[in-house]
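*Asks:* Keeping their order, the protein sequence lines are chains A and B.
The first sequence: position 204 = 204 (this note's numbering), numbered continuously.
The second sequence: position 188 = 188 (this note's numbering), numbered continuously.
Derived from the structure by calculation, the hints contain no laboratory data.
It is possible that some hints are incorrect.
[Claimed, not checked] Calculated lysine-lysine pairs in the DSS-like style (CA-CA distance at most 30 Å, straight line):
#1 A:K5 x A:K387
#2 A:K322 x B:K322
#3 A:K127 x A:K139
#4 A:K134 x B:K251
#5 A:K388 x A:K345
#6 A:K345 x B:K134
#7 A:K345 x A:K5
#8 B:K388 x A:K345
Keep in mind that this is a model prediction, so the values were computed, not measured.
Number of protein chains: 2
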Amino acid sequence: MITVKEAEGLILENTRDYGAEIVMFDEALGRVLAETIKADRDLPAFNRVTMDGIAINYSAFENGTRSFAIKGTQAAGANPIEINSEDQCVEIMTGAAMPEAVDTIIRYEDIEIKEGIATVLAANVKKGQNLHLKGTDKKQGDLLLSPGTTITPAVISLIASVGEAELRVKRLPRVVIISSGDELVEVAATPSPYQIRRSNNYMVQAILAREGIKASLINIPDDPEVIQHHLAICLQNYDVILMSGGISMGKFDHIPQALAALRVQQIFHKVQQRPGKPFWFGKHDNGVVVFAFPGNPVATFMCTQRYFVPWLNASLGKEESKPIFAVLESDLTFEPQLAYYLQVKLQFTGQGQLLATPLAGNGSGDFANLADTDAFMELPSEINEFKKGEVYRVYLFNQLQ
Amino acid sequence: MITVKEAEGLILENTRDYGAEIVMFDEALGRVLAETIKADRDLPAFNRVTMDGIAINYSAFENGTRSFAIKGTQAAGANPIEINSEDQCVEIMTGAAMPEAVDTIIRYEDIEIKEGIATVLAANVKKGQNLHLKGTDKKQGDLLLSPGTTITPAVISLIASVGEAELRVKRLPRVVIISSGDELVEVAATPSPYQIRRSNNYMVQAILAREGIKASLINIPDDPEVIQHHLAICLQNYDVILMSGGISMGKFDHIPQALAALRVQQIFHKVQQRPGKPFWFGKHDNGVVVFAFPGNPVATFMCTQRYFVPWLNASLGKEESKPIFAVLESDLTFEPQLAYYLQVKLQFTGQGQLLATPLAGNGSGDFANLADTDAFMELPSEINEFKKGEVYRVYLFNQLQ
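If we strip away everything but chain A, and leave its shape as in the complex, we get:
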């Protein structure tokens, strides 16, 4: 049985580039950039006024001039108004391009205007004040964004500003989520006393939706021929097959045989972890990867977050995520030689330290508990006694804040 680190390594050796596609910039939120974005002109593109007021030549002010004849009023977007004498000024608005003959803005609050003359009331005026100078943020041709950048709202704004209306982003893999097991009934149905409602597939679908993937859902019965038939179709039509359940040693777990018959190579089966020990991972010759997770809700949830999402991010060429560490808030014993994924609630101290309070449920079947927690804390298999105050890595599944 391999370790968590080995499993992670094997999964990341089997990432794949699904190419790129063009989307409109305002529909690209959450996607991964597949091109380099450069500044099409200086940022700012001109000496940009940052306060409404008057534009003067500082040397006039320095020489004692306090009253300036208003030559005109310049809105943002308008051509600069030219003035030809030092005792003139331009009334000018935030966002406007500074005329060449002037160099300093005095805001309305610091002047008085009467009969076309603006008089400066402020004693303290600095040369060049209230201007955002051309090219101080970026020069024309400067790199703004690199391939692999996740498209956030701030990135969208930057992309809009340089006119990249059509954007090259990484193509997302086509994913199908297969649930199997005759004990499962539909959500709207009433299960018999020995059945349960289908839920893992919807949970995985929601995790993928957060990553921008609209996954298909397929339910297949515990029948070897039907399973093989469906898997064969999925291997032709999807890039990734995610499964929950049907991979343990039971008589009715026909999936491993079906996968073998369809020439999906097993890369590993079983990982030294709880939950999720029976996790199976493989790949078909045609490149389709198969993540077969144990059917326990918590195991499926953990494996999707811990293994599938990093695989996806690496396949998309995203920058690697920075690890998050938290302080364990209570003592804990875990005997088995397995990595243990502890469900925790997170909270920051006033000192900026992240505290992880375990909310131990009743094992991998207990998903009522999952809804109340924020993250898994990864407790290493080599240790059995975990003490309050020790620090371990956590994997968030809900956003902080």
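The hints should help you fit chain B onto chain A, whose structure is shown.
*Replies:* Okay, now just chain B, sitting in the frame of chain A:
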């Protein structure tokens, strides 16, 4: 001029409940629950087998029996197979309901099966092992989820499991984002040397998209009559009007007058903060709230995250978010008597402490910088000298991890 705290208080005094609506559970990701969800039956609903193997009566094993005649094989979802003698067993699969006459599961790895007889090889068998007992997670009628819960993937799974296919969630406010300013051109257009491309509206739209809101976009020219006409229509058709730009003291900033003419009451104008000092907030008699942010990209970004999102969360009845604190990683001086929203990159130490490294841009016009940072650190207005090692609150705008 009011403080950040006062602005926040006034905004949170003007939240509004937009009621509830029914959505399908698998389209409810990110929405806020508007009903109480209880367990429709015990969780688990029956004594659930957690390993594939045989089900025996422990007292037989205790009395020395090691070989058991296999009465039948029971799949998950099937009716329990009844046995009538202690030397019988049932082959049973993970997820199956435990028959009444047996109490212990021995997994396949620990038995040998020959000619219909299962022989136990393991010496160490615990009574009741490999079972997840009925009702140990939750009892029928127990509270699972309360109104105000954000619907995460784990919540979706829980909701599916109790059969709540149609879900009552909080209705989202209808939001319009208005951009104004004759200096703005469309993203696909080539601006004149004194124009810039529209970008703030798309940035705000993306922030709202993350919150599940599909906001409308409207662009209006700097013309008093046109502005008033459009605002009047928006006041009839939306719950929230978000604006960027057009609210400072300039000659061409017609929006404050138009709002006044339409009887939108100013609740405040100007906050002791940088960026975003000219932030204007008001409300119409009919309940429509108006957030008018300064036109600087960084100011609009900060105000949307810092003021609009918390207003939205409170309006939806979401649980209050837990504050995040981080350690400032370098010294900094900020003289004005304003709260300063410093752009920072975040990273955890191996000790679980969150470090904030400033990536100071060129002021509120510099949004190239925004794309490289994770959060705003809120530096209080009463302090001017900030030292490395001090801890302040941060407001994330990108997800950690």
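*Asks:* When the structure is checked against the list of hints, which entries are broken? Sort them ascending.
*Replies:* Hints that this structure does not satisfy do not exist here, as all of them hold.
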